[in-house]
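A.B. asks: Residues per chain, in single letters:
There are 2 protein chains.
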Amino acid sequence: MRTIRVAMAQINPVVGDLKGNKEKILDFVGRAKKLNVDILTFPELAITGYPPEDLLLKPHFVRDNQEILSEIVKEVNKIAVIIGFVDSDENGDLYNAAALVHNRELRGIYRKILLPNYGVFDEKRYFKSGPHHLIFVLNGTTFGINICEDIWFADGPAKAQVKKGRAEIILNISSSPYHAGKGIKREEMLKERAVQNKAIICYNNLVGGQDELIFDGQGLIFDNKGNVVARGEAFKEDLIVADLNPEEVFTERLTDSDFYQEAEIDDLSIKKVVLSEIKSSGPKPLLPVKEVRRMGRTEEIYNALILGVRDYIGKNGFKKTVIGLSGGIDSALVAVIAVDALGRENVVCVSMPSVYSSTETQYDAKVLADNLGVEFITIPINDIYKGYIETLKIQFKGLKENIAEENIQARIRGNILMALSNKYGWLVLSTGNKSEMSVGYATLYGDMAGGLAVIKDVPKTYVYELANYRNATQGSYLIPESILKREPSAELKPDQKDTDTLPPYSVLDPILESYIEEDKSFDDILRMGYEKEIIEKVISMVDRSEYKRRQSPPGIKITPKAFGKDRRIPITNRYRDY
Amino acid sequence: MRTIRVAMAQINPVVGDLKGNKEKILDFVGRAKKLNVDILTFPELAITGYPPEDLLLKPHFVRDNQEILSEIVKEVNKIAVIIGFVDSDENGDLYNAAALVHNRELRGIYRKILLPNYGVFDEKRYFKSGPHHLIFVLNGTTFGINICEDIWFADGPAKAQVKKGRAEIILNISSSPYHAGKGIKREEMLKERAVQNKAIICYNNLVGGQDELIFDGQGLIFDNKGNVVARGEAFKEDLIVADLNPEEVFTERLTDSDFYQEAEIDDLSIKKVVLSEIKSSGPKPLLPVKEVRRMGRTEEIYNALILGVRDYIGKNGFKKTVIGLSGGIDSALVAVIAVDALGRENVVCVSMPSVYSSTETQYDAKVLADNLGVEFITIPINDIYKGYIETLKIQFKGLKENIAEENIQARIRGNILMALSNKYGWLVLSTGNKSEMSVGYATLYGDMAGGLAVIKDVPKTYVYELANYRNATQGSYLIPESILKREPSAELKPDQKDTDTLPPYSVLDPILESYIEEDKSFDDILRMGYEKEIIEKVISMVDRSEYKRRQSPPGIKITPKAFGKDRRIPITNRYRDY
Chain Z
1 MRTIRVAMAQ INPVVGDLKG NKEKILDFVG RAKKLNVDIL TFPELAITGY
51 PPEDLLLKPH FVRDNQEILS EIVKEVNKIA VIIGFVDSDE NGDLYNAAAL
101 VHNRELRGIY RKILLPNYGV FDEKRYFKSG PHHLIFVLNG TTFGINICED
151 IWFADGPAKA QVKKGRAEII LNISSSPYHA GKGIKREEML KERAVQNKAI
201 ICYNNLVGGQ DELIFDGQGL IFDNKGNVVA RGEAFKEDLI VADLNPEEVF
251 TERLTDSDFY QEAEIDDLSI KKVVLSEIKS SGPKPLLPVK EVRRMGRTEE
301 IYNALILGVR DYIGKNGFKK TVIGLSGGID SALVAVIAVD ALGRENVVCV
351 SMPSVYSSTE TQYDAKVLAD NLGVEFITIP INDIYKGYIE TLKIQFKGLK
401 ENIAEENIQA RIRGNILMAL SNKYGWLVLS TGNKSEMSVG YATLYGDMAG
451 GLAVIKDVPK TYVYELANYR NATQGSYLIP ESILKREPSA ELKPDQKDTD
501 TLPPYSVLDP ILESYIEEDK SFDDILRMGY EKEIIEKVIS MVDRSEYKRR
551 QSPPGIKITP KAFGKDRRIP ITNRYRDY
Chain E
1001 MRTIRVAMAQ INPVVGDLKG NKEKILDFVG RAKKLNVDIL TFPELAITGY
1051 PPEDLLLKPH FVRDNQEILS EIVKEVNKIA VIIGFVDSDE NGDLYNAAAL
1101 VHNRELRGIY RKILLPNYGV FDEKRYFKSG PHHLIFVLNG TTFGINICED
1151 IWFADGPAKA QVKKGRAEII LNISSSPYHA GKGIKREEML KERAVQNKAI
1201 ICYNNLVGGQ DELIFDGQGL IFDNKGNVVA RGEAFKEDLI VADLNPEEVF
1251 TERLTDSDFY QEAEIDDLSI KKVVLSEIKS SGPKPLLPVK EVRRMGRTEE
1301 IYNALILGVR DYIGKNGFKK TVIGLSGGID SALVAVIAVD ALGRENVVCV
1351 SMPSVYSSTE TQYDAKVLAD NLGVEFITIP INDIYKGYIE TLKIQFKGLK
1401 ENIAEENIQA RIRGNILMAL SNKYGWLVLS TGNKSEMSVG YATLYGDMAG
1451 GLAVIKDVPK TYVYELANYR NATQGSYLIP ESILKREPSA ELKPDQKDTD
1501 TLPPYSVLDP ILESYIEEDK SFDDILRMGY EKEIIEKVIS MVDRSEYKRR
1551 QSPPGIKITP KAFGKDRRIP ITNRYRDY
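For the protein sequence lines, the chains are Z and E, in the order given.
Note that the numbering used here gives residue 488 to position 488 of the first sequence, counting from 1, and the numbers run on in steps of one.
Note that the numbering used here gives residue 1486 to position 486 of the second sequence, counting from 1, and the numbers run on in steps of one.
The hints are simulated quantities; they were obtained by calculation from the structure and are not laboratory data.
Where hints are given, some of them may not hold.
[Stated by the list, open to error] With a Cα cut of at most 16 Å, we get these calculated EDC-like pairs of lysine to aspartate or glutamate:
hint	chain 1	residue 1	chain 2	residue 2
1	Z	K423	E	E1401
2	E	K1058	Z	E513
3	E	K1386	Z	E390
4	Z	K182	Z	E517
5	Z	K386	E	D1383
6	Z	K565	E	D1054
7	E	K1386	Z	D383
8	E	K1561	Z	D54
9	Z	K58	E	D1524
10	Z	K393	E	D1383
Please build the complete structure, drawing on both the sequences and the hints.
C.D. replies: Following this line, the structure appears as structure tokens:
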């Protein structure tokens, strides 16, 4: 029986931190060697972090990343390592590549063949497609290497590597951005790819937050029958190790006469590298595989948001954050997430009541802050507000109160939070949810002000689910029940309710999902059974608030289509299909 | 002698306004028919406007654009017309296409072959590459059709259409975004293409502003020797008409034995369409070609900004704008541009002095407003500012004054301008220049607040050039001389000067151009002769202010690389090459 020990370093690099990423990579190489690992993979573009975006247009950035790879190569001995980096050719064309490193030598380079250029991806902006497949042999086993998108297509590189290259084990290195539900899709796809090719699949996925994107890790190893052999942690770094027996696989594959038919595969050539055998320093008892539980949907989203906050704050050199606490559900959830992500000593909550703030919401804000054990500051805005109204009395004379007066209040609060940020170096976390951001029910430079919009991609109906989930894990009303039960209000004028302006969230959210995430037409949504007038109103609010979203802080993507680079709608846009 | 009358409708469509664009197209068809034009072209994606961005992901948007094309086809008779639209195939794949319409029939479709996916372009996000060339014959003359990027490559579609398709006249339809200096490059390229292929080139370019992009028009017709036959207006709609004689061309081409060698051309097939002859209704005297002068560089930039303001305001349904006038050069230039773009009745200037505002700057602001004849409002911010300081006294107690106090003032001004916007429906024009935006020398939600950042892509050194240019065309100090001569200051603390924080603009701007537009490294810039400490400081300020730019309003692109979708740098980015 041939047994090969494969490990996947599920790491959290920082974009652009080439030296820091190198140290992390070498640290994981050391850990894997201590476990007698034969072959170790790192995620896609592990050296640069993913996505490096237009840093790739700087020739010195690419050179520096190659220099870092050379430095790593010199340190890698008695283990085969696959590392994602940026490769270039003599024409200056770039490739999203995987280096095969062994015995202090760079033995081969695989260049990604399928380049995603949709959704949040712009890979054709930077990279050319790879010209050939890469197969290598180690200790009698044949491996195929491919990168992220390559594995998602049944007739893609994995098939060619198995059928033409006779790979027994496919090593895929990925940086696959998270959204709720993607893990299940990914798992189904990988299972299908394993079964279809009768090959072992080792899928290593990046972990960490990078601006709006979360990479969830959750690496997976499937045997050739499509069973999960090992599973990596979600939203955490991990070293996933498994002892694999390709002989069993190979035997089964030989019995399948159809399997080697070479139809419907690309016409790219196969490069084959044979590595010298790795002798284990001693007897190698089989390692038990660590059991990792799959998270439920709400738990997963909650943990994605925590990672998003922690990495945005930490990777950008901040420590402390400040949040305007209104006593409503959105800011309450953001405060709880921030405390879970950063610790209560790094979260300051500020109540900024006006004449329209009810005693109930102010009380609830205080109770929540006490529950969380965070610093709580009260800064009333009435005097400043009066100052604005007095200063603007000539301009406002004879005109009815309108959105102007409401927005002045929200912008005073934005100004105060930013003043605290400027004075103390705290990062402002803004608290608007996706439903509000969609219809523009938020004040630009007011409640939208901040460095990170934590729940910008979380629809209001999810906000409640997440709050209830967190209270359930606490086993108590960490977020006070009255916050959960109170009818949503912006409290910017007397007796204001969200439903004065918006349909109920149970109606609004499905319409928004259809229109924004699924690109459905007015007619499609009408057929779902909603009222014509409501759909028209919602769609037109979404269309008209594109300019606001364009100036909003980055937010953590948790749905299939977030705002930001995921949805590129022109501001100047007269298209109406209603 | 065969003479064919070609016209190019250099139109300004609105993105998404399919019906409005149809009416404009039919209006130009009518005008061309009155001039006995044989063949008329419209720009790339004339039906949808360019770029439609993610509207293309809505299947109903694509269907509606095709329906509009069908409606246009029914109206086009006794003239051949080429119109840019979005084509789709049975798999749902999309193509950036040109429809060949004649005698109320859609006679052919050309699908763009070369798709730009760099800079501001994301065409591979939406479109597949076309599978074949399209050639058509009308009144004995052979035409090749191609689209924008197709013409930019010597070995691209134009060559194939001439060499394999024997096209005598190339009709290129473009939506080529403007930046200073591009017109000259484009003209050289087209001349080269004409000479190389010994073909007549009719290059029709879109005109208009679309969010951050300006399309400058400036359509061109070159004869087969590379001489300009006709030139379209810059930054204006135009109908460019020329009588062309392909026989002369053809004669010359036949004498060139090398010309029909088929080497180095793509392997795509040629589709050929023969149109029935168009009989002129009467004798057709040759039309004199309208003389259009090429603008100088500063004049061109100035006019680009005017078009950008006019179209952003108009296409988004606004009429009036409001500008905070500080008495400095930036807001002065923006006010003048706004008046030139919109008329003085649509520009309101607001002076918002604080204790740090000098009497000189306040006086200059008033003089400028008087020179322009615009409404001028003074709203002092002292009382509001005192309110903030009083309200924050506990939080600020014992701490030194810092950027917090400065930003509070800028944000009060932002709040006031937005309040006027909300009360009166005016759009706020923000006034920061590219040098400031680059190094983050601007207050987020303060002076950065607004719907359009008019000179966001204009470096400070250009700001002076544009101001001087405009004063020169006026023949007087429209912008007061004291504004031009005063040392720049934000006036947010006593005796503040920009040079307290920044190197002189004559040093700053070339460093910024090298770093931002040319992606030069620290070492490259050091070799240009600037001081190490200054370069380090500038680069680090640029890197650290990415988060501010991400929340800035759209600005009008006039340089080869603007902020926005032209430069996609991660916020979370630890790359440093110094």
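A.B. asks: If a hint holds in the structure, say so; if it does not, say that too.
C.D. replies: Right, here's what the structure says about each hint:
1. Between Z:K423 and E:E1401, the direct Cα distance comes to roughly 9 Å. Compliance with the 16 Å bound is thereby established for this hinted pair.
2. In summary, the hint linking E:K1058 to Z:E513 is supported, as the alpha carbons are separated by about 14 Å, within the 16 Å threshold.
3. Taking the CA atoms of E:K1386 and Z:E390, the gap is near 13 Å; set against the 16 Å cutoff, the hint holds.
4. Annotation: proposed proximity of Z:K182 to Z:E517 holds, straight-line Cα distance about 14 Å (limit 16 Å).
5. A hinted pair counts as satisfied when its Cα atoms are at most 16 Å apart, and Z:K386 with E:D1383 qualifies at roughly 10 Å.
6. At roughly 10 Å between alpha-carbon atoms, Z:K565 and E:D1054 fall within 16 Å of each other, so this suggested pair holds.
7. Between E:K1386 and Z:D383 the CA atoms are separated by roughly 10 Å; this keeps the pair inside 16 Å, and the hint holds.
8. Using a Cα cut-off of 16 Å, the hinted pair E:K1561 and Z:D54 holds, with the two alpha carbons roughly 12 Å apart.
9. Note on Z:K58 and E:D1524: the hinted pairing holds, with a Cα-Cα distance of about 12 Å set against a maximum of 16 Å.
10. Proposed proximity of Z:K393 and E:D1383 is supported: the alpha carbons are some 13 Å apart, at most 16 Å.
In summary, the structure agrees with every hint in the numbered list given earlier.
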